[in-house]
Each structure stands twice: as C-alpha cells, then as structure tokens.
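Trainee: Those protein sequence lines, which keep their order, are chains A and B.
Each residue of the first sequence is one higher than the last, beginning at 1252 in the numbering used here.
Each residue of the second sequence is one higher than the last, beginning at 8 in the numbering used here.
In case anyone wonders, no lab produced these hints; they're calculated from the structure.
Keep in mind that a hint or two might mislead.
[To be verified] Covered, in the sense of this in silico footprint (three residues per stretch, anywhere, with C-beta under 8 angstroms from a C-beta of chain A), are these stretches of chain B:
id : stretch
1  : 36-44
2  : 213-220
3  : 298-306
4  : 342-355
5  : 375-387
C-beta: ideal position from N, C-alpha, C; glycine also.
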Amino acid sequence: MSGLRDKQAGLLLDEALIFERSAPGRIGADVAAETGVPQDHLPPELLRDSIEGFPEVSEPEVLRHFLRLSQWNFGTATTFYPLGSCTMKYNPLANEVAARLPGFANLHPLAPDETAQGALELCWQLQDMLAEISGMDAISLQPAAGAHGELTGMKMVRAYHRDHGGARSTVLIPASAHGTNPASAALAGYKVQTVEGNQLGLVDAEAVRRAMTDQVAALMITNPNTLGLFEREIAQVAEAVHAKGGLVYFDGANLNALLGVAKPGKVGADVLQFNLHKTFSTPHGGGGPGAGPIGVRAPLAPYLPGPRLARHDDGLRWSAIPQRSIGRVRSFHGNVGMLVRAYAYILALGGDGLTQATRMAVLAANYLRVRLAETYQLAQPAICMHECVFTDKTLEPHGVKTLDVAKRLLDYGTYAPTIYFPLVVPGALMIEPTESESLETLDAFIASMQAIAREARDTPDVLHNAPTTTPIGRLDEARAARRPVLRWSKSE
Amino acid sequence: MRFIPHSPTDIAHMLDAVGVRDVEQLFCDIPAALRASGAIDLPPGVSEQDVRRRLERLAARNSGAAMLSFLGAGAYPHFSPAVVDNILQRAEFYSAYTPYQPEVSQGTLQAIFEFQTLVAMLFDMDVGNASMYDGASATAEAVLMALRLQPKRPRVVLARSLHPEYRETVRTYVEGAGEAELLEAPFGADGRVDAAWLAQALDAHSAALVVGYPNLFGVVEDLDALRAAASAAGALLVTASAEPLALALLKPPGACGADIAVGEGQSFGVPLSYGGPGVGLFTTRTAHVRSMPGRLVGEAHDDAGRRGYVLTLATREQHIRRERATSNICTNHGLIALAVTVYLSLLGRQGLRALAHVNLARAHRAAARLTRGGRWQAAFSGPFFNEFTLRGRGVAAAVARAQDAGVLAGVPLARWYAELEDALLIAVTEVHDDADIERLAEVLDA
Chain A
1252 MSGLRDKQAG LLLDEALIFE RSAPGRIGAD VAAETGVPQD HLPPELLRDS
1302 IEGFPEVSEP EVLRHFLRLS QWNFGTATTF YPLGSCTMKY NPLANEVAAR
1352 LPGFANLHPL APDETAQGAL ELCWQLQDML AEISGMDAIS LQPAAGAHGE
1402 LTGMKMVRAY HRDHGGARST VLIPASAHGT NPASAALAGY KVQTVEGNQL
1452 GLVDAEAVRR AMTDQVAALM ITNPNTLGLF EREIAQVAEA VHAKGGLVYF
1502 DGANLNALLG VAKPGKVGAD VLQFNLHKTF STPHGGGGPG AGPIGVRAPL
1552 APYLPGPRLA RHDDGLRWSA IPQRSIGRVR SFHGNVGMLV RAYAYILALG
1602 GDGLTQATRM AVLAANYLRV RLAETYQLAQ PAICMHECVF TDKTLEPHGV
1652 KTLDVAKRLL DYGTYAPTIY FPLVVPGALM IEPTESESLE TLDAFIASMQ
1702 AIAREARDTP DVLHNAPTTT PIGRLDEARA ARRPVLRWSK SE
Chain B
8 MRFIPHSPTD IAHMLDAVGV RDVEQLFCDI PAALRASGAI DLPPGVSEQD
58 VRRRLERLAA RNSGAAMLSF LGAGAYPHFS PAVVDNILQR AEFYSAYTPY
108 QPEVSQGTLQ AIFEFQTLVA MLFDMDVGNA SMYDGASATA EAVLMALRLQ
158 PKRPRVVLAR SLHPEYRETV RTYVEGAGEA ELLEAPFGAD GRVDAAWLAQ
208 ALDAHSAALV VGYPNLFGVV EDLDALRAAA SAAGALLVTA SAEPLALALL
258 KPPGACGADI AVGEGQSFGV PLSYGGPGVG LFTTRTAHVR SMPGRLVGEA
308 HDDAGRRGYV LTLATREQHI RRERATSNIC TNHGLIALAV TVYLSLLGRQ
358 GLRALAHVNL ARAHRAAARL TRGGRWQAAF SGPFFNEFTL RGRGVAAAVA
408 RAQDAGVLAG VPLARWYAEL EDALLIAVTE VHDDADIERL AEVLDA
C-alpha cells in the first residue's frame, strides 16, 4: 500500500478543510452582473478591500466536500442512536417536505397578518394541541430550544413572584437534573439549591417540604427523572412547593414517556417546556435548530412572552406584547419551520398514535433494561420509563470504563449511549431506544453490549484502543482545550 | 403507525422478556389518579397523503409568501443555490445529535469548524462560536458577556437605531441578571447614533455600547467614531449585523475595534420560514474566549497524529459548570450553521462581494427611482447598504394600496417608532430586478 495512507482506502476518504481546497479564480455560484463600483454609493473609508482567507471553490467541489463530510456522521437515519435523554426518534421525511412548502418557506415574518393566515392558523392549532397533550392552560411557541424555554419559564416565575408577594431568591433543583436547569435558573437571577434524591434516586416529598421556605421561588423537576424513573411523589412534591407559595417548573425533556399516559398539568406543573426536537420528531440537526415552546397554568399566562396570537372575527392576529409579559426572548415568532414539522407529526400520529409511541418507547426501554441487566449493573432495578441507566461497575475488575464501552460501540456500528450522566450515577451509561427501533435492532444492540462485556474480560485492550473502524481514533481532547485552535488560518 | 415497527408478535416477545402481562403494567409507578386523566383528546392520526394536503391548504393561505415583497428589517429574501438545500437534506447531517462522540461526528464537527472560521473572517474577529439561536438572542448574550467582562460597570447603552426586537430581547435577558441598567442612544438626522449625546452619556459606569451595523434603518454607522467614543469611557463596543451580507463590502467590525460582533445568518442561504429558524452569529477577541457563551469546536489529533475536530472549552458550559456556566445554551442552530457554511463556500471570496455589490447597486437604484417624483424623500442622510428608509405622507394607506395591488412595499416604521409615523423601510436584494423596482414605484405612486 505504498503511497496510500490507511484511511485513504474505500469510503473513508480524507477530506481537507474547504479553505485548503481553495484556489484563486474559482467560484461556486453565479452572481448577476452589475455596473459600477461600491465607491459609487459608499464613502471609501467605510469599505474593506477583501474578505481575507475566504475560500474559492467550484460548485462540484463544494458539493463533494460536504457530501463526504456527511458520510462521516452517524445519524438516526443511518444508525441506532441510543443517546439517553435526547429521544433520538425517527424524523419523518414528510415533515421536511411540509416545512419546505413555498407558502411557509418564503413567508416573511413581518408579512401582514392577513397574508399569513395559514401560518397563524398552524401556530394556533399547535398551541391547542400542545395544551391538550400536556394539560397546561396556555402556550407560547416563541422559545428556540429546550434551554431557551427553561430560561423563558424561569423569567416568568420571577415576574409572577414580583406581582405576588415579592421577589424570591432561590430555586430548588434535584441532583439528577440536566445542567441546563441550574444554568437557566442562574441566568434568570436565582441562587440554586440542590435537593438530594432518596435511595431510589427519586425526589422525596419530605425533603422538599424541609427545603421549602418563602424564599424558594420554584422547584425545577424532570419527570421522568434522568434515571428514567417516574417521580412517584410528584403530587405531594408539588403540594409541598405550592404550600409555601412556590411554583413547580416541569422540565419536559422526557415527555416522550408521558404522552397519553399522564399530563404534567394534572400533576402539579405550573410551567413546562416542550422539546419539539425530542418528543415531536423534528430533527436534531447535529445540534439544532430545535424549538422549545413553553406551557403554563392560567395564573402564569399573563407573563408569557409576547406578542400573543388572538382570534378576531376576521382571522388571527398578533397582538401587542401584553403589559405583564416578560417581553420577547428572540426576534419574530419562533422557529416556525420547526413548528410546521412538529404539527405535521402530531397530525400524522393523532392522539392514539402519540400514546402508542410512548407505550412502545417505554416497552423498548424496559426490554433493554431486563436483557442488559444479565451483563451490566443497573443504576436502579425498578421498572423504568423511556430510558434505563447502567453503571460500569461489572467492568471495573478488568480496568475497563464506561468511555471504553461507548467507544467500542462505535466499532459495532451503533452510536453510544449518553455517558457519565446523570452525575449521581458513577460511570453512567444512559440508554434511550425510543419507539422507532425494531426488535431486531434492539437485539443486535444487546448482542453488541454482550460481546463488549466479553471483550472487557478477555481482551480489554481492544476496548481501550477503540474505536478502530472510524475515520479517526480517539482525539486528545485535553490538549485541544489547553491550546485551543478554533479556526483555520492561512499561516498554518 | 408507519413510524413504529413493533408487530403484535414483537410486543408479546418483549412483554414476556420483561415479565409483565401488558404494557399498562409498565406504568405502575404512576399514581392511578394521574393515569386516569392522562388520555389525549386529539383526532386519530391521518395518512402522509392527508397530512400533505392539510399542510398545502395552510400554506396556500399564506398569500404573502407569493407576493412581490420588499420586506426586510432583520429577515431578507435572498437566492439560495440548490447545493445548500441538498446538503441540508442529507439525513446524516440533520438526524445527528450534538457531536458528543467525535469519532462518528467528524462531518458535523469539521463543518462547524469551517463555520467558525468563515464567520470570524467575515467579521474580521479572532474567533466565532458554533452558533446561537438568532441575531436577537446573540445580541442579548453579547450584552450579558460584556457585563461579565466589566463587572464594575452596570450600564449598557443600546442604540435606538438597533433592531427593536433585538433591544426587546436584550431587555428580557438583562432583567433579573444583576442590577444592570439599559440606556437608549438617540439617532440623528443621518440615521446614525447621535455622537454628541454619546460623548455625554458614556462614562465610567458604561460596560458597553451596542449598535446595529447596518442599523434598523439600513444606515451604516460610523464605527470608527463609535469605537473612539466607547474607548474614551472604557466601554466595550458590541456590533449586531442583522444583514451580514453588508460586511462583504463594509469595513468589518474587527477592523473597527469591536470587542464582540454578532449577527443573524439567515441571509446566507436560509429560507425566511416566517422568521425562524435562522442562526445567531457570535464572534469576539481571543482574550475573551473563556467568557464566551455557546459551543466551540477546536482542532485535535488522535494517537496516529491524524487531524480531527472536537467540542472544546466545555468547562464554560452548562453540562459541566451548571449554575456557573457562561450561558444556559445547549441545543444551538447547528444545521442552519451548516447551511451558512455551504452558502459562503459557494459564493466564496469573490462571489460574496459581487453579490453584496448587486444588493448595494439595486437598492440605490431603487431609492433614486422612488424619490424621483417628490412623493417620497429619503428619511435619513446617512450611507446605506441594501435597505433604506423613505418618508412620505400617509404611509399606512400607501402600503395598504400596494398590498391590494399584490406588493408588500416595506415595513412601516410606526410599528416600532412613534416618532417615525411617516417612514417606510424598504429592502432591495438580488431577487429584485429593475421591473420589480419599477412595479414598486408604480404602486407607491412614486
């Protein structure tokens, strides 16, 4: 193989940076001819000479570059993606078509309301659908992502207390919560106080009762929690919070476990965010865009971000931002392109289909829980909801860690579970199969996990060196962070 | 249900393995009272064909999408080459998560690294992040970052000529985050920030000055003068570009000494989609990287010395630092960042400048044509890029007549500015040809 580096064989081709493909005089798009020069219209001191470093590449080269990059990704469309807490379900193609309909794609956000009635009608209906699904009274579609919804919700909690007995200082958050919860609470100006879980990892109503004071603005709770367990005492927990005038923020990240099964609004939730890119099938996009609508009970509705939709005799219109609203959290109306996809998904499944999705997601998670428990140690033995969590304890004697298992799974053609989270479980492997995966896929995953456990015992170095079949091996992340190179530059 | 693969046999097999009689038993942890109220009252699901029909009917009611439109104000109609959407439709990209496992996410990671580089080059700043939600939230995060960098200075001055929805978003984000105070810098007859006012207002309490570049009126601010005014008071300069195509021609924020430069990337190949998703662009100086919000991708190497890319400097972020993170952002707008990356790669060094020139020339031709008859005058004397403000009596009626004739003539600024009730904001890009401009002149009675 002289002259042929090992990763230049087959499909695994090296791909230079787009800047390294550049050569002077190439272009990848047509631009209309136009007379004159910029100096005709702008004073020279306002102008730049060139965009230093920008690439010059032809259209076919640009296409090939990004197609090759795409081939280096695992996605749910290509691969089982059991990433816990991320709900990597199938992203229906019909939704992609819907969002690209010219009537939506070409609609300007400031188009007069009477020329945007289809978009407004869709938003209105989606608000109703999400209210029905969650049991909440009012919905805003504005937030762009789950964490953005959390921030919006906590700002509303703040505004509510300002009008009802005065500002409060603290937010209670269970130790098992997603990192976005404390970060969102802090960004809204709150101190964070951690509530430890009980032996089962659940929030204890008694512990909340003890922690509740008239300075606690809210409890943020994820249900099912990040161990995949339903918070059984949720009603009593909510009661304890409400008894001291606090509010319950319900993190809806795990809503895929509850569709048609239980409604947060009936369980004591005052505020919750929906992650449309988890529960409602809009694609994750390699890190967004998502959409994080927020739902509230009636007493909090006046604080929702504005503008708000209102129905009049002649159709739907955006109203001015209401006086008590927290204001706007972004420009325009929300990630409408993602709202179209979620709406199409809810239409396609209907109430029964959504319920079936939850039932199958929970069944699949329990199937993995029981089958994998033969080989790996469960963080909690109980029946789980949409995900199950294991530890790396049984691997310890062989000097193998969770990270090694995750990397070896890549060699087996599966994406890795969420690892080292929740923080309350040492060496956590958090597995969420969703309803989309067939029994054969689940069985193949179980077989891979069993094979990896055997390798851990017999040939642990195979795990330490994994992955070996990917375009690149384990990367030195510590060094990358010590001396960060965050962009290409010519001098390199 | 076509998305769910489990047959009755599969279900029976799984139930048997789990050791329960039926699926219902799996929900035994949920108190009966809560279970009882859990059912969803929505109609049954419908076929793909019926979903399509219903969406098409709704889309058809968006008549504005098909009209000749000169609406801008933070969202711009631009042509997007076919390659952009083809890449966005690659499921390997859109169905992936945030690249936590770099070995099987190099496509996403390398594309983001290229995105960071392109955005930093366009703004002429040291470093760009992996994206924010949009221009407004990026501006709000920039203000919070400026307050972190200047902890003894509680005041931020926002140009009144900055996009009103950006200002509103900043206000929402800042409320409750410490004791910060926001001031509004007025604009002068040229549509630029009032320099005399600024010289008085900026002082030792000022953390930052935030301006639009170009601003909401389409006017290009004198950044060199604003930099000098901010520096004299020790304040940071933050710029927000809602139409960053302008930066292909304009002296970039970095060259003018901006400390943080943000923007909205929708112009670069991304459909309007009624205002979202677009993508927030966020850049700063190397010295401030560790105070930056959002994800960052960096270069790394494997044991064999091969180059690759990883998420880096994560200790700033919520999943590590929790309540002490620089931001709560987790999911960002990665796929839209990819669209921007493909678009800017296609246009490239020459194409983007040529396209910006087309925008500039056509907007100026339109402004000249529309002001020819005397019915409309330029509202501001300052230089502009592809958007400009006209002034004339009866804006609302004129816009309504234009709409009846099938033309969305522009954004009446009375929407946001009581003092500009006779002003109309008009955006002209490469999608408008001379006939379109003539048609606009006709319906506006110019």
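Trainee: Decide, hint by hint, whether the structure agrees.
Mentor: Now for the hints, and whether the structure bears them out:
no.: 1; hint: 36-44; in the structure: holds (count 7)
no.: 2; hint: 213-220; in the structure: violated (count 0)
no.: 3; hint: 298-306; in the structure: holds (count 5)
no.: 4; hint: 342-355; in the structure: holds (count 10)
no.: 5; hint: 375-387; in the structure: violated (count 0)
In the structure shown, a violation is registered for the earlier hints numbered 2 and 5, in ascending order.
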